[in-house]
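Asks: Now for the letters of each chain:
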Amino acid sequence: MRFVDEYRDPAAARACVAEIEHLAADLVQKRGAHLKFMEVCGGHTHTIYKHGIENVLPPTVELVHGPGCPVCVIPMGRVDDAIAVAKAPGVIFTSFGDMMRVPGSSQSLLEAKAQGADVRMVYSPLDALKIAINNPDREVVFFAVGFETTAPSTAVTLLKAKEKGITNFSVFCNHVTIVPPVKAILESPDLRLDGFLGPGHVSTVIGNHPYRFVPGVYGKPLVTAGFEPLDILQAIVMLCRQLRDGRCEVENQYTRAVVDQGNPKALQTLRDVFELRPHFEWRGLGFISQSALKLNAAFEAYDAELKFEVPGVRVADPKACQCGEVLKGVIKPWDCKVFGTACTPETPIGTCMVSSEGACAAYYNYGRFTKQQTVPVQLTSTPAKVG
Amino acid sequence: MGDLDGQDGHGGPPSREDVVLERIEAFRRRRPKLRDEFINSAHGAGGKASAALIDAVFLEAFRNPTLETMADGAVVTLPSGDRLAFSTDSYVVKPYRFPGGSIGHLAVHGTVNDLSMMGARPQWISAGFIIEDGFPIAELRDIVADMHEAAVKAGVEIVTGDTKVVDKGAADGVYINTAGVGVVPAEVSLDPKRVQPGDKVLVSGKIGDHGVAVMIARGDLNLEADIPSDTAALNGLVEALLAAAPNTRFLRDPTRGGVATVCNELARAAEVSVVLQESAIPVRNIVNGACEILGIDPLYVANEGKLVAVVPAGEADAAVAAMRALPVGADAAVIGEVRDEPPGIVIINTVFGGNRIVDMLVGDPLPRIC
Numbered sequence: 000m001r002f003v004d005e006y007r008d009p010a011a012a013r014a015c016v017a018e019i020e021h022l023a024a025d026l027v028q029k030r031g032a033h034l035k036f037m038e039v040c041g042g043h044t045h046t047i048y049k050h051g052i053e054n055v056l057p058p059t060v061e062l063v064h065g066p067g068c069p070v071c072v073i074p075m076g077r078v079d080d081a082i083a084v085a086k087a088p089g090v091i092f093t094s095f096g097d098m099m100r101v102p103g104s105s106q107s108l109l110e111a112k113a114q115g116a117d118v119r120m121v122y123s124p125l126d127a128l129k130i131a132i133n134n135p136d137r138e139v140v141f142f143a144v145g146f147e148t149t150a151p152s153t154a155v156t157l158l159k160a161k162e163k164g165i166t167n168f169s170v171f172c173n174h175v176t177i178v179p180p181v182k183a184i185l186e187s188p189d190l191r192l193d194g195f196l197g198p199g200h201v202s203t204v205i206g207n208h209p210y211r212f213v214p215g216v217y218g219k220p221l222v223t224a225g226f227e228p229l230d231i232l233q234a235i236v237m238l239c240r241q242l243r244d245g246r247c248e249v250e251n252q253y254t255r256a257v258v259d260q261g262n263p264k265a266l267q268t269l270r271d272v273f274e275l276r277p278h279f280e281w282r283g284l285g286f287i288s289q290s291a292l293k294l295n296a297a298f299e300a301y302d303a304e305l306k307f308e309v310p311g312v313r314v315a316d317p318k319a320c321q322c323g324e325v326l327k328g329v330i331k332p333w334d335c336k337v338f339g340t341a342c343t344p345e346t347p348i349g350t351c352m353v354s355s356e357g358a359c360a361a362y363y364n365y366g367r368f369t370k371q372q373t374v375p376v377q378l379t380s381t382p383a384k385v386g
Numbered sequence: 000m001g002d003l004d005g006q007d008g009h010g011g012p013p014s015r016e017d018v019v020l021e022r023i024e025a026f027r028r029r030r031p032k033l034r035d036e037f038i039n040s041a042h043g044a045g046g047k048a049s050a051a052l053i054d055a056v057f058l059e060a061f062r063n064p065t066l067e068t069m070a071d072g073a074v075v076t077l078p079s080g081d082r083l084a085f086s087t088d089s090y091v092v093k094p095y096r097f098p099g100g101s102i103g104h105l106a107v108h109g110t111v112n113d114l115s116m117m118g119a120r121p122q123w124i125s126a127g128f129i130i131e132d133g134f135p136i137a138e139l140r141d142i143v144a145d146m147h148e149a150a151v152k153a154g155v156e157i158v159t160g161d162t163k164v165v166d167k168g169a170a171d172g173v174y175i176n177t178a179g180v181g182v183v184p185a186e187v188s189l190d191p192k193r194v195q196p197g198d199k200v201l202v203s204g205k206i207g208d209h210g211v212a213v214m215i216a217r218g219d220l221n222l223e224a225d226i227p228s229d230t231a232a233l234n235g236l237v238e239a240l241l242a243a244a245p246n247t248r249f250l251r252d253p254t255r256g257g258v259a260t261v262c263n264e265l266a267r268a269a270e271v272s273v274v275l276q277e278s279a280i281p282v283r284n285i286v287n288g289a290c291e292i293l294g295i296d297p298l299y300v301a302n303e304g305k306l307v308a309v310v311p312a313g314e315a316d317a318a319v320a321a322m323r324a325l326p327v328g329a330d331a332a333v334i335g336e337v338r339d340e341p342p343g344i345v346i347i348n349t350v351f352g353g354n355r356i357v358d359m360l361v362g363d364p365l366p367r368i369c
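Taken in sequence, the protein lines are chains A and B.
Count the first sequence with numbering that gives the first Met the number 0 and you get residues 0 to 386, in order.
Count the second sequence with numbering that gives the first Met the number 0 and you get residues 0 to 369, in order.
Source of the hints: derived by calculation from the structure; they are not laboratory data.
Possibly wrong hints are sitting among the right ones.
Among the chain A residues that face chain B by a calculated CB cut under 7 Å, a handful are [stated by the list, open to error]: (1) A12; (2) I52; (3) N54; (4) A113; (5) W333.
Facing chain A, according to a computed beta carbon distance under 8 Å, are these residues of chain B, among others [unchecked claim]: (6) I38; (7) N39; (8) T65; (9) R120; (10) I130; (11) N354; (12) I356.
Note that CB positions come from ideal geometry on N, CA and C, so glycine has one too.
Start from the sequences, fold in the hints, and give me the full structure.
Replies: Take a look at the structure:
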């Protein structure tokens with residue numbers, strides 16, 4: 000596949016890995032401990048597991064999977080609220096696919112659908128608006144989740160709905176912002192990280208400037224990275240070089256998509272439609288102030304939380320679940336007591352097991368056994384003659 | 000792959016990890032548990048949820064040695080000693096017509112292929128229709144014409160049928176059920192238990208065409224791409240394959256759940272490990288592109304005219320050549336091999352030089368949001 004294969008080239012990967020190995024060996028010798036980098040974004044976690052990046056890295060470099068999976072961070076109480084709206088009479092409830100299986104306190108949207116709720120999977124909020132236009136006698140609600148990556152498309156959809164005077168459309172807004180959870184993680188006392196892979200897609204919108212506090216206040220380097228395997232490896236090289244040179248700054252590996260100042264038009268659209276919530280609960284991380292978006296006063300008429308009765312009951316994360324520690328990189332998925340037994344992709348207890356981008360699900364689905372040697376498959380049947 | 004070959008022991012205490020991995024495998028080996036109180040779409044998607052439902056409800060009630068093989072169809076032995084393969088499948092695809100075929104083609108090809116995967120020569124087929132009140136007869140006629148065309152081409156006869164009309168809203172247009180019978184030649188002995196380490200895993204062509212074609216034909220993706228479904232009868236291909244590779248151990252058509260699900264079923268049934276080589280798996284560029292955009296993996300996407308075969312290493316070249324000689328098998332390739340460790344697990348060596356597990360999905364592949 001053109002424009003993709005180039006970023007998966009094994010020869011280029013070997014060169015990157017060799018450099019990482021070399022740089023990390025020197026650094027580890029000086030520091031006396033292996034290097035720990037956190038990839039903030041769930042998309043990165045997915046790439047890392049899908050392509051088996053962890054088992055090409057030297058043992059001196061460890062990747063810690065951060066909180067950037069937008070599906071995983073939605074607390075159970077919000078899923079319950081979504082299901083309550085979906086079950087309201089006359090409602091067509093629309094959602095991205097990977098939100099459908101996320102368990103609330105008693106069921107998921109997929110199960111609510113099986114019991115008769117009209118829940119439909121969409122690929123974009125504009126598709127939800129289209130459904131509203133085609134069903135004027137029904138109330139259509141869009142379950143908005145995601146970081147600054149998906150928030151602009153929700154905003155554009157709302158602007159369009161207002162412009163067209165569509166009144167049977169509303170948004171159950173769960174958009175979150177990336178900087179506050181990164182800050183929360185950096186504040187965590189039990190954390191030891193040597194640097195961050197910055198989220199690529201989010202940064203296409205917000206740019207690189209918002210991360211300046213990471214080196215500035217907390218003294219950790221950050222490299223914004225793309226989503227192909229070579230992007231990740233190159234970003235790790237850049238982090239290692241910063242550590243070697245004693246530099247600590249925000250760098251951009253994903254220059255083909257991200258510019259420092261971000262996308263001013265998208266940012267303006269966000270300001271036009273949303274305002275910050277005073278606080279928002281993150282699954283696994285608890286309440287983080289000013290970490291999420293809600294519709295502003297001008298768009299009140301499109302706010303599903305005002306239009307419908309939502310229970311708004313807070314549901315505590317299950318006790319056995321250690322997602323918070325996994326998200327902060329304090330423990331590895333397999334260190335959790337319920338990992339892989341009570342908590343599996345079929346029956347997730349915690350947030351990290353829910354979406355394929357979650358650290359635990361990615362590890363469960365892709366990562367187990369990958370310590371095995373990658374012995375290439377002999378593709379012709381003629382057995383190789385030895386000696 | 001030189002220095003990219005597996006490195007082990009990075010981060011975390013490995014001994015503890017190994018203990019956990021063992022615990023997980025013990026859990027996986029248990030029978031799938033049905034926890035749901037109501038049917039949902041995942042139960043029909045061919046993944047873990049389907050397996051749990053079939054095990055807990057159907058197998059529990061009907062249990063017998065023939066059913067317990069859980070293959071694409073049953074093989075029963077007549078008093079004369081001849082063996083018959085018997086299989087059934089229902090078709091509910093929407094839209095009825097998609098690039099490359101229709102529900103009519105699928106209804107015939109699906110049952111012909113299920114019988115073929117038992118090593119049988121499909122001969123007779125039944126057709127049952129459940130039709131919603133108000134369905135246009137012209138459309139039904141077209142679907143039936145497609146069934147006739149497919150049956151003639153596959154060399155099978157539709158010899159019995161049934162029609163039911165249900166109230167408007169009680170069904171969505173038309174559903175078709177077909178069942179079929181075929182004779183299994185005496186020399187054929189397909190059985191996953193005969194699969195051995197060293198055997199090769201083959202696929203008969205480019206994967207994922209049908210699933211992507213139908214997703215695009217549904218029109219809710221706003222994607223335009225010229226991908227026809229691969230729907231085709233495979234009885235001719237199977238005959239050619241079995242003639243060239245008489246010790247073929249296992250055949251399965253990777254419909255719902257795709258090649259990944261078939262490999263998992265194989266790994267579990269034969270208690271072996273299946274190792275795939277990503278670079279060897281034939282996929283159309285355009286299918287790969289559509290999957291990349293949707294965040295799904297072509298390995299899990301449905302096919303309707305492909306088969307996965309396991310043959311002894313010594314017969315693999317002949318098997319590939321025999322399949323490539325036919326149009327339906329033109330892109331046949333060896334995509335992996337059977338190993339003994341770790342049993343029940345499918346691993347893929349990625350193009351990039353790493354590797355990962357290819358597990359069964361819970362339900363339908365759901366597109367990721369970003």
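Asks: Does the structure break any of the earlier hints, and which numbers would those be?
Replies: Failing hints, ascending: 8, 9 and 10.
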